[in-house]
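All chains should be built: construct the whole structure from the sequences, respecting the hints.
Just so you know, the protein sequences line up as chains C and S, in that order.
Going letter by letter, the first sequence gives residues 0 to 671 in numbering that gives the first Met the number 0.
Going letter by letter, the second sequence gives residues 0 to 159 in numbering that gives the first Met the number 0.
Quick caveat, the hints were computed from the structure, so don't treat them as lab data.
Hints may contain errors.
Computed cross-link-like contacts, EDC-like style, restricted to lysine to aspartate or glutamate with a CA-CA straight-line distance of at most 20 angstroms [as the list claims (entries may be wrong)]: (1) C:K584 <-> C:E607; (2) C:K580 <-> S:E150; (3) S:K154 <-> C:D611; (4) S:K154 <-> C:D477; (5) C:K584 <-> S:E89; (6) C:K496 <-> C:D477.
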Amino acid sequence: MASDQQSGAGGSVSLRDRYLIYPGTPLAEFATPSAQAFHAEDRRDPTKPLFALIVRPGHPARIDAMRAIKGSESPGLMTLAEWGPMDWPPLNRKVMAVVYERPGGGRVMSSLTAEFKPLDEADLIRKVVSPIFAALREVRLHSVTHRAIRPTNMFWATAEKDRIILGDCATVLSALEQPAVVETIESSMCHPAGRGPGSYADDIYSFGASVALLLHGRNPVSHLDDETVLRRKILHGSFAVLAADERLSLQTSEFLRGTMCDDPHERWTAESIELWLSGRRLSPLLAKFEKRASRGLPFNGKEYSTARELAMAFCKNWDAVAQLVLDGRLELWLRRSLDMKDKADAIAGVTREAVMAVNDKRAAAFDTMVAKTCMVLDSRAPIRYKTLAAMPDGIGGLLAEAIADGTDLRTIAEALMREVPKGYFETRDAYNPENSLMDSSFREQKNFLDRATLGNGVERVLYSMNDAMPCLSPLIVDDYVLDIRDLLPALNAATKKVDGKGWPIDRHIAAFIGARANFDVERQMSDLTLPDPERAAMAMLNLLAVIQWRLGQGGLQGLATWVGGLMQPSVNSFHNRERRKLIEKEIPRIARDGNLVELARLLDSPEERTKDAHEFTEARTEWLAAQREIANIEEGRSNNEKALRFAQQLAALVSVTISLITVVLLLLARLL
Amino acid sequence: MAKKPEKKKTPAPGRKGGSNRLVIFLALMALVPFSLPTILVMFVGLLPTIAAAVVERGTNRYAWICVGGLNFAGLAPWLFSLWFGHHTLEFALGQVTNVTMLFVAYGAAGVGSALYLALPPVVAAIMSATSVQRATGLRSTQRKLIDSWGESVSKSDEFH
Chain C
0 MASDQQSGAG
10 GSVSLRDRYL
20 IYPGTPLAEF
30 ATPSAQAFHA
40 EDRRDPTKPL
50 FALIVRPGHP
60 ARIDAMRAIK
70 GSESPGLMTL
80 AEWGPMDWPP
90 LNRKVMAVVY
100 ERPGGGRVMS
110 SLTAEFKPLD
120 EADLIRKVVS
130 PIFAALREVR
140 LHSVTHRAIR
150 PTNMFWATAE
160 KDRIILGDCA
170 TVLSALEQPA
180 VVETIESSMC
190 HPAGRGPGSY
200 ADDIYSFGAS
210 VALLLHGRNP
220 VSHLDDETVL
230 RRKILHGSFA
240 VLAADERLSL
250 QTSEFLRGTM
260 CDDPHERWTA
270 ESIELWLSGR
280 RLSPLLAKFE
290 KRASRGLPFN
300 GKEYSTAREL
310 AMAFCKNWDA
320 VAQLVLDGRL
330 ELWLRRSLDM
340 KDKADAIAGV
350 TREAVMAVND
360 KRAAAFDTMV
370 AKTCMVLDSR
380 APIRYKTLAA
390 MPDGIGGLLA
400 EAIADGTDLR
410 TIAEALMREV
420 PKGYFETRDA
430 YNPENSLMDS
440 SFREQKNFLD
450 RATLGNGVER
460 VLYSMNDAMP
470 CLSPLIVDDY
480 VLDIRDLLPA
490 LNAATKKVDG
500 KGWPIDRHIA
510 AFIGARANFD
520 VERQMSDLTL
530 PDPERAAMAM
540 LNLLAVIQWR
550 LGQGGLQGLA
560 TWVGGLMQPS
570 VNSFHNRERR
580 KLIEKEIPRI
590 ARDGNLVELA
600 RLLDSPEERT
610 KDAHEFTEAR
620 TEWLAAQREI
630 ANIEEGRSNN
640 EKALRFAQQL
650 AALVSVTISL
660 ITVVLLLLAR
670 LL
Chain S
0 MAKKPEKKKT
10 PAPGRKGGSN
20 RLVIFLALMA
30 LVPFSLPTIL
40 VMFVGLLPTI
50 AAAVVERGTN
60 RYAWICVGGL
70 NFAGLAPWLF
80 SLWFGHHTLE
90 FALGQVTNVT
100 MLFVAYGAAG
110 VGSALYLALP
120 PVVAAIMSAT
130 SVQRATGLRS
140 TQRKLIDSWG
150 ESVSKSDEFH
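In structure tokens form, the structure reads like this:
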């Protein structure tokens, strides 16, 4: 049987006890640039053709998209059967696997440089627009975006090639693998990891651009690099770059102009496409070009006529910009040559703000000024700061990819600490409530970065901004811990690999807890960094105990033993040695039960602590009194004085007694 | 005549006790004609006690009591003879010139004095012995405290 042959050599790995994935049977035809594909099988229905994509370990995936499209039976969407972390023997760790139903036909376009049989315009609606539009409606229904719409990620649904479906969109960050040719101008300006989930309008643009390529049977700009494609799109408009050379019917041309409109406000919406599909004619959209200056502005050896081009040039020559802005040439150019008074006023304001900064803050203020200048010049462009270029909702993803790739994080951290996103929101043309939410979130991230302690710093920002980021702590990185519920079991399992001398909470785990815990752990988190090792260790135990208590997890024998072994400073903080012995005897018993809560109660009982401290004070007083008395005895001071006094009193007493007896006896002798 | 300073009219606080003593002294002097023999015998017989009371200084004035007690005990038989026999000046004079009486009274005073001098070293020796025992006991208590509470119990600013 075909299935048996494909199963091939090697064993299988089970996902959620239902899907069998065969690591020994890779399927290159279904692989994505980032995720390898393997043969998969459904235990309940072995005849169903399936394949699994394995997410690159350490890289974030789109859990929200997986949740949204799982089980969706849209005619334009590859059906996602199951997803989840699972053991992966080739890497000897857990990985995220996504199981899809196999499309019947092959990939529509094997690579961006490949050529294929152009799609007939007559089949456009039936084979492409209808199914893919249905897929877009499906993802929109679940409040997610696809952001992986490109011909290289499209498959023929059947062997007869009668319908195209969209491929995977969940194994990588939004639009990470999208080439500039199918992305909007603004998205193409971003670092691929910083494009963010974007909006439905971004999906519609990619849809239109992909249709243009399908109609060509090739990528018309395959000979150009992404930057040149972007520049051409800015100068001539997307439609002109991707579809102008092709002889197209008015109807198709209308569709492409509408979906590839570079102004997101004028771009076609779902309703527009529906109207077009129903045969209604819409007013044709004409390409809008950037306003050109009457005189170009020379910068870095070139003359620039549009604000957008100039902003792009600024980003490539960051250090040379400040002078141009500060000496007022840019403001003057905007005011006189481009007649953009609003932008000129905004630049004047930004400059004033920067020059008010004093000495050591001046360099930072100038960098922020350049970033804001770029935002003012091109308000639709992403946040650009030095080498960083990302949409506000893409900064988290960019940070995640940078950490996964081990690249420099300084620019991202610097941009957040210097509140560059705030500048972005301040320079928006219109108010958007979503921006306020994002602004407060960025303020929070800045606070995390300002505090470099355990549970804060860049790690906290990473987990706060990326819900789909598994914990990257070296202790549990192989366990693919996505949810806080999986943390303690993973740490419990990690006890076999560690020597037990280090803490079970490192920077990543603390930050992960801080970001994922939906209950209050602030006090324990802040105590983790106390200089007193005993109190810090106690805070660590309390933090783990709170998690265990809140999540009701038991059977953590390994972890409890590990933590119990680290509690010696805490045990030693009890003064009474008998009490210490009792506690030391009790710890292994509690550890055997795997009960961190009980362990925390034993070591941090306020009653026991108060009693111990009170008794210790009494013992100390007693010791001190004894010491004073010994010192007096040794010095002989009190002895001599006391002895002399006592002896004199005794002598006097004896003398008086003898006298009294004598008198009494004499009296008796006289009287009797 | 030079006028006395006015402040002298106001008696000093300590003068009240002095005036009381004067009253007692005058009262005793008034009794002298009626008990002159007793006074004579007691004055002569208790001379060592009077000397000890006059000579002794310091806060703990026990020497004159010690000497006086036995001195009085030694003099007591002759005093009783005077009181229960002939309470006359002649008889008293006879007694004070009696060598036996003087020997016994002064001897008893000597014994009292010896008692006063001999007892402190004896008591000191006894107390020293008990102090060593006490110090050993205290050290043992301290050791027990350290065993129970660790060295930190002995960490005190006063001794370290």
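We went through each hint and held it up to the structure:
With a C-alpha separation of about 16 angstroms, the suggested pair K584 of chain C and E607 of chain C falls inside the 20 angstroms cut-off, and the hint holds. At most 20 angstroms may separate the alpha-carbon atoms for a hinted pair to count; K580 of chain C and E150 of chain S meet this at roughly 16 angstroms. With a C-alpha separation of about 17 angstroms, the suggested pair K154 of chain S and D611 of chain C falls inside the 20 angstroms cut-off, and the hint holds. Distance check on the hinted pair: K154 of chain S and D477 of chain C sit about 50 angstroms apart at the alpha-carbon level, beyond 20 angstroms; violated.
About 97 angstroms separates the Cα atoms of K584 of chain C and E89 of chain S, which puts this hinted pair outside 20 angstroms; it is violated. The hinted pair formed by K496 of chain C and D477 of chain C meets the criterion: a straight-line CA distance of about 11 angstroms does not exceed 20 angstroms.
In the structure shown, a violation is registered for the earlier hints numbered 4, 5, in ascending order.
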